[in-house]
Amino acid sequence: MAQVTLNAVRKVYANGAEALAPATFTIPDGELTVLVGPSGCGKSTMLRMVAGLESVTEGEISIGERIVNDVDPADRNIAMVFQNYALYPHMTVANNMGYGLRNRGMNRAAIAAKVREAAELLNLVEFLDRKPSQLSGGQRQRVAMGRAIVREPDLFLFDEPLSNLDAKLRNQMRIEIRSLQRRLATTAMYVTHDQVEAMTMADRIIVLNGGRIEQIGTPNEIYEHPASTFVASFMGAPPMNLLDADAAQGRVTLKGGAFVPRSGVNGQAGPVTVGIRPEDVCPSPQGDLDFSVDIIEELGAQRLLHGQMAGQPFSVAVAKDQPASTGAMRLALKPGAVHLFDAANGHRL
Amino acid sequence: MADLTQTRVAATVTTPTRPVRRIPWEAIGDHAILIAGAALMLVPVYMMLASSSHTDITIHRNGLQFGFGDDMAANYNAALFEYGGFTNTVNGMTMLGNSMILGLGFAIGKIIVGMMAAYAIVYFRLRFATLAFWVIFTTLLLPLEVRILPSYEVITWMNLGNTYTGLIVPLIASATATFFFRQFFMSVPEELIEAARIDGAGPFKFFIDILVPLSRTMIAAMFIIMFVYGWNQYLWPTLITTDETLFTLVRGIRQIMQAYADGSTTPEYGEAAALALIAMAPPVLIVVFFQNWFVKGLTESDK
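Each protein sequence line maps, in turn, to chains A and B. Following the numbering used here from start to finish, the first sequence increments by one per residue and tops out at 349. Following the numbering used here from start to finish, the second sequence increments by one per residue and tops out at 652.
These aren't lab readings, by the way, just hints derived from the structure by calculation. Don't be surprised by glycine CBs; every beta carbon is placed ideally from N, CA and C.
Straight-line Cα separation of at most 25 Å, DSS-like style, residue types lysine-lysine; simulated pairs:
# : chain 1 : residue 1 : chain 2 : residue 2
1 : A       : 168       : A       : 320
2 : A       : 131       : B       : 645
3 : A       : 114       : A       : 131
4 : A       : 114       : B       : 554
5 : A       : 334       : A       : 320
6 : A       : 131       : B       : 554
7 : A       : 334       : A       : 255
Quick look at which bits of chain B chain A covers, simulated, 3 or more residues with Cβ under 8 Å:
# : stretch
8 : 534–546
9 : 552–563
With the rest of the complex left out, here is chain B (with noise of 0.2 Å):
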């Protein structure tokens, strides 16, 4: 989110619409504000970055960094190709894969259930569909981590540990995409789907043809916020997977860390902090490069 406020700052910069020179103050006093914010922000991760880029040893020694050091690439380097861990048979890029397949698989999945459960609610007409879809809204008062112990047992019991599987279908039940597919498509005039009635377009080719295209910008969104909060899920996988091979980055950090324990050597700061930046990196740039995207369909209810 840091980077969010970020770009909206820039954003807010590039357009002052400047009076017969006249010291804006008020302008300026605003910007000092959002830039201090901002500021504040993005201080930690630049230390994070600078950190990156020393040797354990300095780190463990004088504490965070603020200036470059330089083994940067050799810290980098280790934290995505050594090997490490417990079994010695993960790397960064094992975990920046398994990563991205929660993350992906989780928005995806949630965006396809979503879709579909809003479209019965809305279309349909069934029986109890308001009762069905207020029931299914109370999930939402029941994240994961409330219901973690039952949803353990039932994963454990269908034998999906240490799976894919169990990694991401427990995450997708939850209301918040069927909410606000359910609350688009109410949007959407009646009038469309009569047209398409007279045209001949069946249910399953309303939603196909008309239905997902006119979702476009609300999907993007979704798949966004969706991408992200799989991405940063940090207490399922590890209660879930304790195969090291299905190890997530976010998890993976803590792996790292936890090399102090033994005591006997060094914990990986460098290769740490370089790992904190990696994991940091694809949510950023998800945000940065579907912004428009992600304000359209939040912000958009026609076209």
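Isolated chain A, as found in the complex (with noise of 0.2 Å):
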């Protein structure tokens, strides 16, 4: 158990491209804290220097009261989870799992009576003597969160772990570790690319992007009050509508000349980005926006109708049992659903 720090962390490569920005931020003892950003953003980057397996070029980092720059990834008392898995094939389940415990010098009963604990957690008891080409993916994952556990780290590192399994399995997986993570209330730092594993999974979100911290929140926070474009559109499916606009004596204009209400803009004049999510609309013949639709997209339990705001693309999300079809249509503004950007740089305003 314990608190991450990253103070002022850097990472520039040999070749002289920065990777990570300086970043500071604290990850509170006993929370999940999930990196998101597309790939190439820093966030695996983060990871491994948190991790000991990259250098920190600038800054500090600290697990815990300790400052770990120094020191070796074995003797940082953390556990990391790969997106191959990365379980050694000629071993055992049980091995494999009890391997960190065995190169620490722990004897051999207190190992076998670890690995059963974490296999029992996880309902791998059955598989302890396969190896793991004899497993599935599934499978395979539970064996590289049980390496993790057995150890009882100060930290859990995840790295896209979830990335090589089918859909299914994936929805599956993410409330197990979720729920396991709850259980043990061991900190953890959690690596993906896929928003929706971010809203569902974290305490706290830190959203990157080209080595720079966007945003850092809690899913709420970063749904309800996107700091910038670059959030508002990666996360949320479908993302958020993002049309340019002109803002001048407290009202906005779409650049097509459609007028947006309740935009709660005040004194700023001058181009705007505005952000309206597809479900803050709602069709309605009294609206005050125009909407022509193009394309309607079956999900189920809900409808995307995608089509044309005042000349620029616009998607409105409808529930399924509301009836839709192509052509124009009226939509009213939920409360609340305007968002507000700098067209220039992006920010919040």
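Work from the hints to combine the two standalone chains into their complex.
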């Protein structure tokens, strides 16, 4: 159990490329923090720096009270779960899980007891004598989890652990990992590029883009108050609609001429970006906005209507019991639906 | 290698997928060619076997034989247990032992050196690792035969002539094993070493606990190739060993035939044929028994 603190941690590769701009944040004890962002945003680099697999160019990383910049990965008391599981192919499940303990000089009986305990927790008891190649993807993932658990580390590190699983198993493992982490109350860092994973699993999300932290917050904060157009478009499926507009005299007008009510703009003038989530509008004959539907996507629980608003692409999500057809319609905004961003730098206004 | 071809033929014969009562001319044609090839390889071996059952006089008069004679036991007995040579201190068993020491020492030594060199090159951030690898690699262009005089110089200068060390070590110095192990290590996923690091395995433990077991099939394949190569060495043992008790089989066969030069006796043809077959046996047996490992090691990269 430990909190993790990064203090102005920066990573520059030997070729001069900055993989991570100075990042400062604290992960409170027992929380699961998800690092999310598109590939190449520096999230894995950050995780590997905490693990000690990647050197720190500047700044300090501490786990608990201890600064670990120069501590060997083995001595940081962390455990890591890799995307491709990284199980030792020639060892049985039991040996895979116990290898770390064996290297730390624990006696056989104690190792066996711990492995057994972890295996029971993960429903792996019957597989203890098998080799990884005889297991399914989900089972291998569990073994990797087991290997992390038996060590009773201060910190779990997950590097895209579910990317190699199929969609159904991914949903299931997502819940399993989450409940396991809750039960063990171990601090965890979890890297993913999947915003659904981030939203569903995190106590706190760190959104990264191009080596910079865009926003840190709870899933709710991130979703309700995205700090930038990047966060707004990255988090949430379908993504938020972003429309070019102009602000003047407390009014926002879309580039195509339509006026956006309830924008809450005060004093700004000049070009802005208007963000509206697809589910924050609803078809209504008394609505304020004109929308023409080109394509309807059926998702089962809801329908997505893709089309144009004021000459710009726009999507609307409607519930499954709401009839929809292509063609023109009017949309009404729900309260608080409009997000405004600076058009130049994308920051929230 | 003749026997390798032969066993492959056998393997393909056993799996005909037969359509409904049609004469599979294509398969018959293929097999005819393969059988002819195998026969071409095996007939000389058979001739050796048949000839090894005749007396020296018969062979001297009538040439190599296709039928079996009555002297098989006597010839093999003489080949294995009768002391001969210039000093009369060496028999077939001694030579068999020497060949075994050369083959095993060479194969094992080469695997150990090759694995350790490859481990250093692949896993450690050495300053000139790539350069070192290519320098090692160029030794592939310099087999022992090319550098035989300097090697001889060095070994005699070190007083290692007529020793097993002098016999084996210079042969070990070449890049084949290093090269194969490097390629193999590079295919081992990066995450495995990272997981091992987090699990607290140092470089030595990682090598012994993870890399060596993972390389099992590769080691077996290397062992087969290297053992056969070492066993069949002729030039270097001839050069470096003058003490007859250190003679290897491959070289001993020639020693028997050399009696011809004396002119006073008939060359011991039967015994030579027997010895040739004995010399062939161990490599053949190793290839036959370790065939599966061999194929796995050279074709499978993962698991």
